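Chain order of the listed sequences is A and B.
If you count by my numbering, then the first sequence holds residues 1 to 165, one letter each, in order.
If you count by my numbering, then the second sequence holds residues 1 to 284, one letter each, in order.
The hints are simulated quantities; they were obtained by calculation from the structure and are not laboratory data.
Given the structure is predicted, the values throughout are model-derived calculations rather than measurements.
No residue lacks a Cβ here, since even glycine has one placed at the ideal position from N, Cα and C.
Incorrect hints may have been included.
Result set (DSS-like, lysine-lysine): computed pairs, CA atoms no more than 25 Å apart in a straight line [stated by the list, open to error]:
| id | chain 1 | residue 1 | chain 2 | residue 2 |
| --- | --- | --- | --- | --- |
| 1 | A | Lys-71 | B | Lys-57 |
| 2 | A | Lys-72 | B | Lys-57 |
| 3 | A | Lys-159 | A | Lys-127 |
| 4 | B | Lys-159 | B | Lys-140 |
| 5 | A | Lys-90 | A | Lys-152 |
| 6 | A | Lys-6 | B | Lys-45 |
| 7 | A | Lys-90 | A | Lys-80 |
| 8 | B | Lys-4 | B | Lys-57 |
| 9 | B | Lys-171 | B | Lys-137 |
| 10 | A | Lys-127 | B | Lys-92 |
| 11 | B | Lys-4 | A | Lys-71 |
| 12 | A | Lys-6 | B | Lys-4 |
Estimated spans, in silico, between C-beta atoms of each pair [said to hold, decoys possible]:
| id | chain 1 | residue 1 | chain 2 | residue 2 | range |
| --- | --- | --- | --- | --- | --- |
| 13 | B | Lys-144 | A | Lys-83 | 51 to 59 Å |
| 14 | B | Leu-11 | A | Asn-54 | 18 to 26 Å |
| 15 | B | Glu-21 | A | Gln-2 | 13 to 21 Å |
| 16 | B | Asp-67 | A | Ser-122 | 31 to 39 Å |
| 17 | B | Glu-21 | A | Asn-70 | 21 to 29 Å |
| 18 | B | Lys-278 | A | Val-14 | 53 to 61 Å |
| 19 | B | Glu-238 | A | Ser-119 | 31 to 39 Å |
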Amino acid sequence: MQIEIKFNLNGEDVSIMTDPVRRLLDVLREDFKLTGVKEGCSEGECGACVVFVNDILVNSCMVPMANVINKKVMSIEGFKQTKEFEVIEKGFLEAGAVQCGFCTPGMIMATENLLRNISNPSVEEIKEGLSGNICRCTGYQTIIEAVQLTVKDGGELWKSNLTSL
Amino acid sequence: MEVKSYIPIDLEDCLGELGNENYWLFAGGTDLMIRKRQWHGASRKFVRPVMFINDLKELNGIESDDDYIYIKACNSLAEVYENDEAPEILKKAIVSMANPEIRNMATIGGNVANAAKVGDTLPVLFLLDARVELRSKNEKRIRKISDFIKGKYQTDLRKGELLYQIIIPKKEYDINMFYKVGSRQGDTLSKLSVSCTMNIENNFVNDFRVAFGAINNKSIRDRYIEEKLINKSVSEAEGLIYTVLNGYQDLLYGDNDKRSTKRYREETAIKILHKFLKEALNEK
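Work out the full structure: start from the sequences and follow the hints.
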């Protein structure tokens, strides 16, 4: 059953005819060609597909299109336009937190979500905040360091709760 | 095959339509989107029509009065966790579940109505004497959660009904523990869980509760065994620890399955309860 579903994608109002049971992940990758959103485990464990829906971080592999009607969806492509992204990206680059890169979009989105909630997280809080994201290359240590570098270089951004998109 | 989907505009519309067809009720989707998947690229395999209720205003929000907290079914686990009035032991169970992203989507109503053996809120809700309010087009009824859950994936939900809210009596629990055993620290399903609370006043136990999850098909709570310690002095209660443990031992019917063995589940659960009792009774 196809219906018209309207939502806001990365700041732009969009509309699509699709099945309401269809996954947001598939719509983003196939219909909108937003391939920064990755499909890993397909069951909500790896975090490669995470996006913000109304500013809440979710696994797009588990979200049916019916649950995004009239909502704001932000993928890594939208987040890339923000000042926050620049600071997190710098942290990941400096820490060498990227190897194959498959998990990186999800890790960056989860970092943003963590820092929105806790602007200066402890190591334990970083581990908990990124616990929905799996990386098979780095062993996580460099990713934790990337978050710490992000906080050190640009933590003020999150303290003031600014959202620049 | 694409099935009919229905997106109600409000609760009245939802309950009216629920009486017409045998819908799958779809809230956060964290279970159904996985359970109904097929091969890569294929649509979810729903053989019955689907109704999306996640965004209905009437099924979201948490309220309270002097005696109870009322949690609407479509609150996410994260929303319950962040609520100031939600019982601490329930928060402990929630934060042990899945990961932050899934907790942002998964609903407490889904965890209850699914009635999975490993649903971690269930034993805690049994312990808290929670009730569920069920609504249909022409009826509203309230049942104890221990009566509503009938077994693994089995509930007392009738055709045309939905789970409207979970009602939890307000009470302070001085000592509370939710102990979950899984294969890893995060993002794990329970091999077993033990939930316990105890209140001690003037050296007497005035409340004691235990619930075991993920061992039997339905969470275990036994008021008769709990009462063995209630209104006993701490030293009398200490002398009854093995009576209590033996009582629970007889109630555990674990299975061997992909996550654990019957023996591991039963022995570990009793050891965890034993440790709780020793520490709780020695603390005062």
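Evaluation of the provided hints:
Of the pairs offered as hints, the one joining Lys-71 (chain A) and Lys-57 (chain B) holds, with about 14 Å between alpha carbons and a cut-off of 25 Å not exceeded. Under the criterion of a C-alpha separation no larger than 25 Å, the hint pairing Lys-72 (chain A) with Lys-57 (chain B) is consistent with the structure, at around 18 Å. Restraint check: the Cα-Cα separation between Lys-159 (chain A) and Lys-127 (chain A) comes to about 20 Å, which is no more than 25 Å; the hinted pair holds. This hinted pair checks out: Lys-159 (chain B) and Lys-140 (chain B) have alpha carbons roughly 13 Å apart, not beyond 25 Å.
Straight-line distance between C-alpha atoms of Lys-90 (chain A) and Lys-152 (chain A) comes to about 11 Å, which keeps the hinted pair within the 25 Å bound. Taking the CA atoms of Lys-6 (chain A) and Lys-45 (chain B), the gap is about 24 Å. The hint holds against a cut of 25 Å. Pair hint Lys-90 (chain A) plus Lys-80 (chain A) holds up; C-alpha atoms about 12 Å apart against a cutoff of 25 Å. At roughly 23 Å between alpha-carbon atoms, Lys-4 (chain B) and Lys-57 (chain B) fall within 25 Å of each other, so this suggested pair holds.
The straight-line distance between the Cα atoms of Lys-171 (chain B) and Lys-137 (chain B) is roughly 33 Å, outside the 25 Å bound, and the hint therefore fails. Note on Lys-127 (chain A) and Lys-92 (chain B): the hinted pairing holds, with a Cα-Cα distance of about 17 Å set against a maximum of 25 Å. For the proposed pair Lys-4 (chain B) and Lys-71 (chain A), the alpha carbon gap of about 22 Å is at most 25 Å, so the pair holds. Straight-line distance between C-alpha atoms of Lys-6 (chain A) and Lys-4 (chain B) comes to about 19 Å, which keeps the hinted pair within the 25 Å bound.
Distance hint for Lys-144 (chain B) and Lys-83 (chain A): a CB-CB separation of about 52 Å, consistent with the stated range 51 to 59 Å. In this structure the hint that Leu-11 (chain B) and Asn-54 (chain A) lie 18 to 26 Å apart at CB holds, the actual value being about 21 Å. Hint check: Glu-21 (chain B) to Gln-2 (chain A), Cβ distance near 19 Å, so the stated range 13 to 21 Å holds. Range check, Asp-67 (chain B) to Ser-122 (chain A): about 38 Å between beta-carbon atoms, so the 31 to 39 Å window is met.
Taking the beta carbon of each, Glu-21 (chain B) and Asn-70 (chain A) are about 25 Å apart, inside 21 to 29 Å as hinted. At roughly 60 Å, the beta carbons of Lys-278 (chain B) and Val-14 (chain A) sit within the given window of 53 to 61 Å. Checking the proposed 31 to 39 Å range against Glu-238 (chain B) and Ser-119 (chain A) shows it is violated: the Cβ atoms sit about 47 Å from each other.
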